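Student: Here's the letter readout for the chains.
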Amino acid sequence: MSLLEVKNLRVEFPTRRGTLLAIDDISFSIEPGEVLGVVGESGAGKSLTGASIIGLLEPPGRIADGKITLEGERIDDLPYEKMRHVRGKKIGAIFQDPLTSLNPLYTVSKQLTETILVHMDMSQEQARKRAVELLDEVGIPAAETRIDSYPHEFSGGMRQRVVIALALCANPKLIVADEPTTALDVSIQAQIIAIIKRLCKEHKTAVMLITHDMGVIAETADRVAVMYAGRIVEIGEVRDIIKDAKHPYTKGLMGSIPVVGHDVEVLQQIDGSMPRLNEVPKGCAFNSRCPDAINKCFVDRPDLMQTDGLSTAACWLYSKEAVNE
Amino acid sequence: MNDDIKQGFEVKPLLEVRDLTKYFDVSKPWLTRILEKQPKQILKAVDGLSFEIGKGETFSLVGESGCGKSTIAKLVVGLQRPSNGEILFDGQDLNKAITSKDSNRIRRRWQMIFQDPFASLNPRWRVNDIISEPIRVFKLAKSKSEINDRVDKLLTQVGLSPADGNKFPHEFSGGQRQRISIARALSSEPEFLVCDEPTSALDVSVQAQILNLMKDLQRRLGLTYLFISHNLAVVYHVSDRIGVMYLGRLCEVATASDLFKNPQHPYTQLLLNTIPDMEMTGIKRDPVHGEVPNPIDPPSGCAFHPRCPLANDRCRKETPQLQKNAGSLIACHAVEEKRNV
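Just so you know, the sequences run in chain order F and L. Residues in the first sequence are numbered consecutively from 1, following the working numbering. Residues in the second sequence are numbered consecutively from 1001, following the working numbering.
Part of the chain F face toward chain L, derived, beta carbon under 8 angstroms:
1. Glu41
2. Gln189
3. Gln191
4. His212
5. Gly215
6. Ala218
7. Glu219
8. Gly252
9. Val266
With the C-beta cut set under 10 angstroms, the calculated list includes, among others, these residues of chain F facing chain L:
10. Asp185
11. Gly255
12. Gly261
13. His262
14. Ser273
Don't read these hints as lab results, they were simulated from the structure. Quick caveat: nothing in here was measured; it's all calculated off a predicted structure. No residue lacks a Cβ here, since even glycine has one placed at the ideal position from N, Cα and C.
Working from the sequences, and respecting the hints, build out all of it.
Tutor: Next up, the structure:
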């Protein structure tokens, strides 16, 4: 059984000028101990997918349809109080900016032990001991003394380590990491990636890694889902997608990333930009920018289908009937 | 600056920076300082930097946050005055030139492109007015219709349509806004553009569009770029020569191919080691240690020594200077003494 299963999830925002569909019918699953990367440009819906899973979708946004199950139990329709116990206990979260995800008025020790005490049956001393162990595990030197510092006394990279320790407090099965390295310098980014990789191996924690940086995905993830305008356009093993992308959007995306050692005069570019939510065209959302669009692309919306490679992609080019039409 | 660190340009370089320093006073208020008996605190954002940029060249500065890249950009366009040192633009002292009476003649020859296209365009101005402002300020056109013609041409040049001129910035996406800032920068027909992280706020597919546009414009208009970025892959793609910065000083200056094929300074090697492996080769890499120290209280000697695997006593005491080494300029005692082989 998959650890997390997302089925036909739709997230919408009712506005005065009509309802905007931010996530449009996406399905995927995460296996225990797996790192699933979710990549896409700003506005593609990756963060909303993460927020729906941890139950932190901000109103007026709401789950309009679909099902999210964690270890076989539905979590998308849980009342607020019950969801609070799932969040933290079973699902941990790491956000982009470590300064805003820590409370500046409490010491790190207070924040860690509070989380541990809520979710685990421990005494105050045991909780503090566990907090020190966690800080040690994420690579904070002299954890024993540093634990009594306030968040502002740590550097950005160290703060992000504290946030990771916080997410690990109750040994969750799944961690949703939303752009965990984006606010950090490159040398710190490499350190944080290494920690996340090591921890999910040691604890068998699954990670949903949301990022816009294909490089981070290549380093960390096992599988990757590529999102575009609220849909998953391609999903598969990281290696297959990086070496042999099938969806025209993924191909364009891969070609537009400058790579050290590749001497190209002109980067491949996808003209135009992602449509706004109120301007998503009929058929495939990518049709106006797609170099290979066929008639069917402007009429019907493609679902994920098997391609001639190893990944699955939502593209009519891989449907024989559509191409022959 | 001594002669052997010149990079051997055959023609005079367009921009020469000599021993540039910029210190910021970050002390607490005077009374607090007296009461707490604390000395003045000086942040050395740029500390004795020298480099040259040739005509038509792209020179890039890379480094982590707080190393002084953006301060250099501001110094080089005259938005800030250096504490010490000289900036020569086409042989003229930049800071004397911009305070002189006919400063407009030289000022229009350089422009700047900023990181955030959402903050660098006035939201209450129409695109036409934004782009034509330099033309009006420098009085480069005689009549209104001439201004309009030039704005239309600029918009087409950056891949927008002349009709877009009547819109406001909020009607455009991030990539299109960055095109507008490029059009504005080009409107005074400059020779030299300072680009401070021009694509960091953009998505990768849009980044590719902007990088392609910048390269295309450089070829057509013979522009010279000072390009500032923390993204090594982007820097590799655009640059002719690269300067690597660490805590306000240059530690290595080399051509793009030399720097990436044969990085010599230990910090450059560390930086290159952090580039994500897009080839999925699965090579095991040495873990990176440590963090950038606080620039208010930098380490003694070579600022990199606490993180450097090759550091010895000399590195802790003596600040290394840029020296020629196999075609590149390196500021490292270990490389000089061949301790790295």
